[in-house]
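2 protein chains.
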Amino acid sequence: MGTFQGKILEVNLTSGTIGESMVDKDILRKYIGGSGLAAKLFFDCVSLDVEPLSPDNVMYVMAGPLGGTAMPGGSRFSVCAKSPLTTMWGESSCGGTFAAWLRSAGYDGIAIKGASAKPVCLVIQDGKAEIKDAADLWGKGTYDTIDTLREQNGGKTKASVLSIGQAGENQVRYAAIANEKRDFLGRTGMGAVMGSKKLKAIVAIGTGKVDAAVPDVFAEKRKQFTENAKGHFIVDIVKAGGTNGALDIGAMMGDLPGKNWVMGDMSAYGPKIGGGVLNSEQFLTGTDQCHGCLVNCKRVVKKENGSYPLKGTAGPEYEGVASFGSLLMIDDMAAVIKMNEMCNDYGMDVISCGSTIAMVMDCVEQGIIGSGDTDGVEFKWGNIDAVIKTIENIANRQGFGDTLAEGSKRAAEKIGKNASDYAVEVKGMEVPMHDPRAFHSMGLSYATNIRGACHTNDLNYSAEQGILVWPEIGINGGYDQKSSVGKAELTVISQNLGQVINSVPICYLLMSVITSAELVELTNAASGFDYTLEELMTCGERIWMLKRGMNNLMGITAADDTLPKQILTPPPDGAAAGSVPDLKLMLKEFYEIRKLESNGRPGKEKLESLGLGDLAAKL
Amino acid sequence: MGTFQGKILEVNLTSGTIGESMVDKDILRKYIGGSGLAAKLFFDCVSLDVEPLSPDNVMYVMAGPLGGTAMPGGSRFSVCAKSPLTTMWGESSCGGTFAAWLRSAGYDGIAIKGASAKPVCLVIQDGKAEIKDAADLWGKGTYDTIDTLREQNGGKTKASVLSIGQAGENQVRYAAIANEKRDFLGRTGMGAVMGSKKLKAIVAIGTGKVDAAVPDVFAEKRKQFTENAKGHFIVDIVKAGGTNGALDIGAMMGDLPGKNWVMGDMSAYGPKIGGGVLNSEQFLTGTDQCHGCLVNCKRVVKKENGSYPLKGTAGPEYEGVASFGSLLMIDDMAAVIKMNEMCNDYGMDVISCGSTIAMVMDCVEQGIIGSGDTDGVEFKWGNIDAVIKTIENIANRQGFGDTLAEGSKRAAEKIGKNASDYAVEVKGMEVPMHDPRAFHSMGLSYATNIRGACHTNDLNYSAEQGILVWPEIGINGGYDQKSSVGKAELTVISQNLGQVINSVPICYLLMSVITSAELVELTNAASGFDYTLEELMTCGERIWMLKRGMNNLMGITAADDTLPKQILTPPPDGAAAGSVPDLKLMLKEFYEIRKLESNGRPGKEKLESLGLGDLAAKL
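Chains as they are written, first to last, in my numbering: chain Z, 1 to 619; chain H, 1001 to 1619.
Mixed in with the good hints, there may be bad ones.
[As the list claims (entries may be wrong)] Taking lysine-lysine and the DSSO-like style, the derived pairs with C-alpha atoms no more than 27 Å apart in a straight line are:
(1) H/K1025 <-> Z/K482
(2) H/K1132 <-> H/K1025
(3) H/K1223 <-> Z/K482
(4) H/K1030 <-> H/K1584
(5) H/K1259 <-> Z/K482
(6) Z/K230 <-> H/K1113
(7) H/K1221 <-> Z/K584
(8) Z/K132 <-> Z/K7
(9) Z/K239 <-> H/K1239
(10) Z/K588 <-> H/K1239
(11) H/K1482 <-> Z/K230
(12) H/K1584 <-> Z/K230
(13) Z/K259 <-> Z/K223
(14) Z/K221 <-> H/K1482
(15) Z/K584 <-> Z/K25
(16) Z/K259 <-> H/K1239
(17) Z/K482 <-> H/K1239
(18) H/K1259 <-> Z/K239
(19) Z/K30 <-> Z/K230
(20) Z/K230 <-> Z/K259
(21) H/K1482 <-> Z/K239
(22) H/K1482 <-> Z/K223
Since the hints were derived computationally from the structure, they do not count as laboratory data.
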């Protein structure tokens, strides 16, 4: 209710107590909101050597100044904690409706400490919160859980549910959290953290009005932005095809990975699992969007499509299609949609899940393991039944699925021999579905991003595509995608901007639509601060450095800033044939620009200039 | 050789004489080059009531100041004359290599008057030209003709051939001209004009250096533009997928016509005939580009693809795929590639050919004609054999094909009843494959463009997509695609710009890459003039008005500024469901802004302000 001022609902599941806190205004200004503010609060109150799945880990659910306003792309939020997948800083963001109803219920964020002895859920309603028994929900998927909780809470329209599925309960290291049955916080295993706390779900019910600090200015700027956005080609394209609409052209550009990153030319998969297929009459029934948005990027699919009936109607995003499609050499769209939904319902990250399965298929092909090691499941490229069975086994930690529930890095270590060569991950997190051999700066993103191999903590992908050009901060456009020259400079700027937009927060897709002036004006009108673009970018750098320093304190060194072998091998054909990112060059420049020391830690002077003297002292 | 100065090779095929002329410098400045300069020369020396297929029609082949330089997209050229399809001003432009070698051979353009009594070809080599017997080539397709002429001329690499096929010889009203076996001047029937003159081919062989007027400035600006262009997303996307690469997303946006424009949602055709299919291993072997370019938009295809072996390797553009694919409800890519090549080899415009066949299929469905009227060919949606047989019949003017060789308008009039309702043409020219119901301004383009229904005499498509935003001339971006408000203003600006870029000329695709400042600087450095952007835009307006006035003198009135019935009927489903352009509104505003009188003619004051007093006097 009202404006964003860092009002945090403080929940202790061990003691069953509930309280509130307010964030200091100076901290708000410096860390904005979202995952930036969560990182600062975490750093100030959690021991960094905490075990991720222990009660001492603290999980933050955090909106930002734009959350719950009618700003398109502004209702994203982050869930943050130490990650069980990477054992360093973890965060996951999505759109959906939760930020809107949490803020409508009177809170800007939630801090969840401790762990309950028995399954519970947290129900927040208009300034009050209650921890309720959730024994009847334990063991259920996210879809049933959300249906039940909506029913129990009167099916209110002004409500939003976060829920884990069986994967979160079973602490699969890449367990996800569902927001309603359509948006998913996939990465870094925040669902496992929730599961370790026996917190099945969070319901936010709000009837209050969410305000900007300067409502009239905000309304005018928002209206103007929305009008402009309506005719923007990115909005038109994403509206028409969804995030999977560009799979076809991505494949032609060498961006779509195939066969655990070994293949080059995957363009034949466009007509099989691309935009036209997902948008065809066989599957599509409509589109949908996050709170306040206008893009309608979400694909609503039929429950009955002939081959694999579904429980719900949320179609896959590009990442899910690639992770279960081309990466595993599966070209049956109905099967891919099914696998994606299974992950949604069990509550698992599609990228980590698909990638871990791809690693095993590769190990089988290489003769590293045989079917005797995999409970008889035939891990062969394109084997749909094996994948469907394995998703179930992972979520329930059954048999060999228990090994795979640990993620590709740990699973490969357990498999032994040279299995780790086929685990395509950085710092324990599986690589998303954009190929750095087609876009070199993505290689540096994956090697150095805050949460491991990740494409949504910077803007490199949009910058390399030339659809985000902000010369005012040094994203000048005109990048040669298959060159590594100048990419370190781009990456530093774009990572800092990435921290800003995960803190404001605003959707990555709309970053190709909004101007920097609009972003500053809207952030100011929403927050009440008078940021300049320069100050916002300094906030971004501060947040990046804080998270990096925390990662260092959790054990990350320069040796971890690397890329998996498969990504450093040139593709045999396709648009990126023969191309590999020059990681050595980019890392050298990156370290110089970032003022990182040879051990991978931020330099003291840099930290102090950003007001991070306390972090410098710990390092 | 040297710089562009309007050095015209004057050929009279009746008398067999060859001469040269130089264009006055003031005219060069005012009409730039390309189709603008050709229109001015035509206006000054041809009687506008000339019969298009008579010896008195004059055909101009015209390069521009950028032609033959290494400027990407700059080596386009135009072939112009009174059109046998529309009986008004006709022009067709393409890229390829001819402009480069013509200029290298010492000429900026060719004027071809009269008609030969027997088949001839024109061979131009380094400042000399010769009319040669071509009896042995008559009756051959463009592919064989080009092969033979290259062989006869020593297979020189610095040579380029223009040729007509059987369709041009037989004066099919939409006959095309091939430049080598890869680029085609399709629209308005320039191939028929060439055929009426018994001119089978033109060969240009040049070893001279093509210069810009200010070579060092040109070289520097060109280099800089090329560097920037390399990383531009439009270049990347077109390079990756070719012009057909966007068919998929176009279909999702409601842009792809189906079943003679009756269908709405054609998104299912993306996976059948879209970018991924054409770029798949089954068909693609490589890419190619026009002289001096870097985009590589051309698709090189396999001669053997299983179903329909080809003679050559030129893959279809988007327009060809849509015209023979979705428009006819054919989803077999191999068949579509074959039909496209048949048109290339016979020398026929793919849009007019596919559209005329679509009209007949619709007439059969409506019961207007039966198979008895079509020589037993079954004109049924999706009937591949019928289309292949009909393309052959049209090119050779055999049986019912002779009727269809007249174009959809005349053919529908001959068929009678209400067949004209199913002829999707404006002023006799068939509508290209972008749906005005998804992009309203395209409706005004089609209704008012200089050569009838045409998408390459303005920039509306790029402007509506938001990929060409030049606020400095009033293309402000942010257009609501399915609104007609403000589209007249856009169209006037974009048509004037269209005349500039067909005169400079530069490729439409690169107009989303180049800035207005770069265009002005490069045009100045190439031509030696000191244009401002404003003066260039005035040239564009002058050229548009001259061509419009000529059209009026050839019989065009306000009643001809209209759209076919199918386009004014809302699509039943898909992204443009229920949408139709408000043509009445747009036309009213267009007439006001253009200062057109109610009879459709430009006002005297406007013409005089543009230095077109002589045109005003004739009107």
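Subject >> Satisfaction of hint between H/K1239 and Z/K482, Cα-Cα up to 27 Å >> reply: holds, 14 Å
Original post:
Taken at face value, is the distance from the CA of Z/K584 to the CA of H/K1221 at most 27 Å?
Top reply: Violated, at about 33 Å.
Subject >> Pair hint Z/K259 and Z/K223, alpha-carbon separation not exceeding 27 Å >> reply: Outside the cut-off at roughly 45 Å; violated.
Subject >> Pair hint outcome, Z/K259 versus H/K1239 [Cα-Cα no greater than 27 Å] >> reply: holds, 25 Å
Original post:
Are Z/K230 and Z/K259 close enough, with their CA atoms no more than 27 Å apart?
Top reply: Violated - the C-alpha atoms of Z/K259 and Z/K230 are around 38 Å apart, more than 27 Å.
Original post:
Within a Cα-Cα threshold of 27 Å, do Z/K239 and H/K1239 meet the stated pairing?
Top reply: Status holds; Cα separation ~24 Å.
Original post:
For the pair supplied as a hint, H/K1584 and Z/K230, is the alpha-carbon distance within the 27 Å limit?
Top reply: Distance ~24 Å between H/K1584 and Z/K230 Cα, so the pair holds.
Original post:
Does the structure keep H/K1025 and Z/K482 at a Cα separation of 27 Å or less?
Top reply: Cα-Cα ~45 Å, so violated.
Original post:
Holds or violated: H/K1482 with Z/K239, Cα cutoff 27 Å?
Top reply: holds, 14 Å
Original post:
Under the criterion that the straight-line Cα-Cα distance not exceed 27 Å, is the pair H/K1132, H/K1025 satisfied?
Top reply: violated, 33 Å
Original post:
Given the hinted pair H/K1223 and Z/K482, is their alpha-carbon gap at most 27 Å?
Top reply: Distance of about 19 Å is within 27 Å: holds.
**OP:** Below or equal to 27 Å on CA atoms is what counts here, so check H/K1482 against Z/K223.
**Re:** holds, 19 Å
Against the hints set out earlier in the document, violations occur for numbers 1, 2, 4, 5, 6, 7, 10, 13, 15, 19, 20.
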